[in-house]
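S.K.: Okay, here's what each chain looks like letter by letter:
Protein chains: 2
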Amino acid sequence: MKSIAVILSGCGYLDGSEIRESVAALWALSQHDVKVKIFAPDEPQTIVMNHYSGKATGDTRNMLAEAARIARGKIEPLSMLSDHDYDALIMPGGFGVAKNLCTFAADGASGTILYKELLYDITAMHSDGRPIGAICIAPALIGLALKGKKLELTLGADGNEAEEMRKLGHTHFETKPNEIHIDKTNKLVTTPAYMYDDAPINVVFEGIKKLVGEVVRMIQR
Amino acid sequence: MKSIAVILSGCGYLDGSEIRESVAALWALSQHDVKVKIFAPDEPQTIVMNHYSGKATGDTRNMLAEAARIARGKIEPLSMLSDHDYDALIMPGGFGVAKNLCTFAADGASGTILYKELLYDITAMHSDGRPIGAICIAPALIGLALKGKKLELTLGADGNEAEEMRKLGHTHFETKPNEIHIDKTNKLVTTPAYMYDDAPINVVFEGIKKLVGEVVRMIQR
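Residue numbers (the numbering used here), protein chains in the order written: chain B, 31 to 251; chain W, 31 to 251.
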């Protein structure tokens with residue numbers, strides 16, 4: 031059976047993984063005959079946000095322990111990712127991707143990937159022709175990891191984030207939250223999800239279901 | 031347009047609302063032409079659990095701020111619930127229901143509802159014939175609030191929780207996670223969801239989609 035790794039970065043869209051996107055990805059994956067393993071760094075988040083007030087709390091939280099809330103405890107430290115081969119990688123979005131896993135939120139196109147095993151795995155998967163599905167802001171992390179690889183990707187509407195991707199040599203395609211963009215050459219599938227802040231949840235699920243379906247098709251060919 | 035209130039109690043199945051059940055309920059509701067408002071108590075959780083280690087952390091967290099992670103900030107304090115009339119109530123599960131909203135986890139059939147506005151609203155909705163949808167362990171809270179009302183409900187397999195419900199005068203029906211039980215007399219719809227710990231996520235979604243569909247049908251009749 032083919033296996034897919036899902037990378038999380040916390041639990042909550044302002045400081046970790048976007049919860050609904052993560053659940054949508056797991057829900058869509060459960061409709062296919064694939065094994066799924068969830069990973070997150072066993073490291074502190076860069077920030078903790080009160081999601082009611084929208085303000086930073088000054089606390090610290092561990093990404094692995096927080097992401098375990100979404101994973102119902104069935105999760106491993108990101109450092110274990112390289113110990114096994116996965117046929118594909120899926121990354122939900124949320125500010126955690128752009129703040130905890132890389133520095134895209136602060137540094138844009140000059141940002142760096144903060145975990146060497148993540149950079150290594152993305153690079154290895156790409157060069158092996160194994161597909162990557164990236165949701166919401168996660169395509170920006172893939173764009174940083176694979177700078178100069180001339181990726182095709184979507185971050186929803188064409189704004190600042192898209193401009194940063196062009197600086198890295200990639201091409202941005204506008205999409206709606208129920209749509210995906212498929213880069214056949216690089217086996218990268220992307221969907222904007224909550225890049226559209228007010229997207230209805232069923233529309234976000236529709237886009238993510240398409241993304242997962244396409245990634246699974248790519249590994250079952 | 032009909033309006034439905036969703037009650038949360040945190041963010042994580044060991045100390046708050048079960049995340050996947052909450053997201054499933056919101057996803058299912060988004061497929062109907064209804065208004066949805068999310069509430070949680072602006073009060074500390076009774077416990078905070080590390081969901082990776084499964085151990086208590088000793089920290090405190092606020093239910094409203096944590097549930098706001100699932101609600102993407104669009105949430106109100108539970109104290110506001112009584113200020114408006116809702117056509118129906120939906121309660122996802124998770125230990126938060128049995129620990130933060132009532133004392134069922136510790137006290138079983140002799141437990142109490144911890145928020146008077148919640149007890150008031152459940153009682154008022156029941157006596158007005160407005161439907162309630164309760165997921166996972168949430169039927170136990172409804173059972174406590176409406177003791178002696180001879181409810182029909184499901185908590186999945188017939189175990190200790192079902193026995194506590196019988197002590198309160200209710201009847202328990204065994205169901206699978208893709209099934210619902212409908213109590214037409216009391217307009218109570220229940221589904222076990224993660225009462226089956228290892229239920230596949232798409233099966234849990236199937237049960238919750240049926241529950242939401244039935245609650246919406248009841249208010250649109």
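Take the hints with a grain of salt, since some may be wrong.
A pair counts as met if it fits within one copy or between any two copies, since identical chains are not told apart.
Claimed, not checked - EDC-like mimics (lysine to aspartate or glutamate), calculated; alpha carbons at most 20 Å apart, straight line:
{"no.": "1", "residue 1": "Lys214", "residue 2": "Asp158"}
{"no.": "2", "residue 1": "Lys104", "residue 2": "Asp227"}
{"no.": "3", "residue 1": "Lys179", "residue 2": "Asp115"}
{"no.": "4", "residue 1": "Lys146", "residue 2": "Glu73"}
It is worth saying that the hints were derived from the structure and are not from the lab.
Here the structure is a predicted model, which means the values were calculated and not measured.
S.K.: Indicate, hint by hint, whether the structure satisfies it.
M.R.: Each hint tested on the structure:
1. Lys214 with Asp158: within (14 Å within a copy, 57 Å between copies)
2. Lys104 with Asp227: Close across copies (12 Å), not inside one copy (29 Å); limit 20 Å.
3. Lys179 with Asp115: Neither. Shortest intra-copy (22 Å) and inter-copy (56 Å) distances fail the 20 Å Cα cut-off.
4. Lys146 with Glu73: Classified as within: same-chain Cα gap 13 Å, cross-chain 40 Å, threshold 20 Å.
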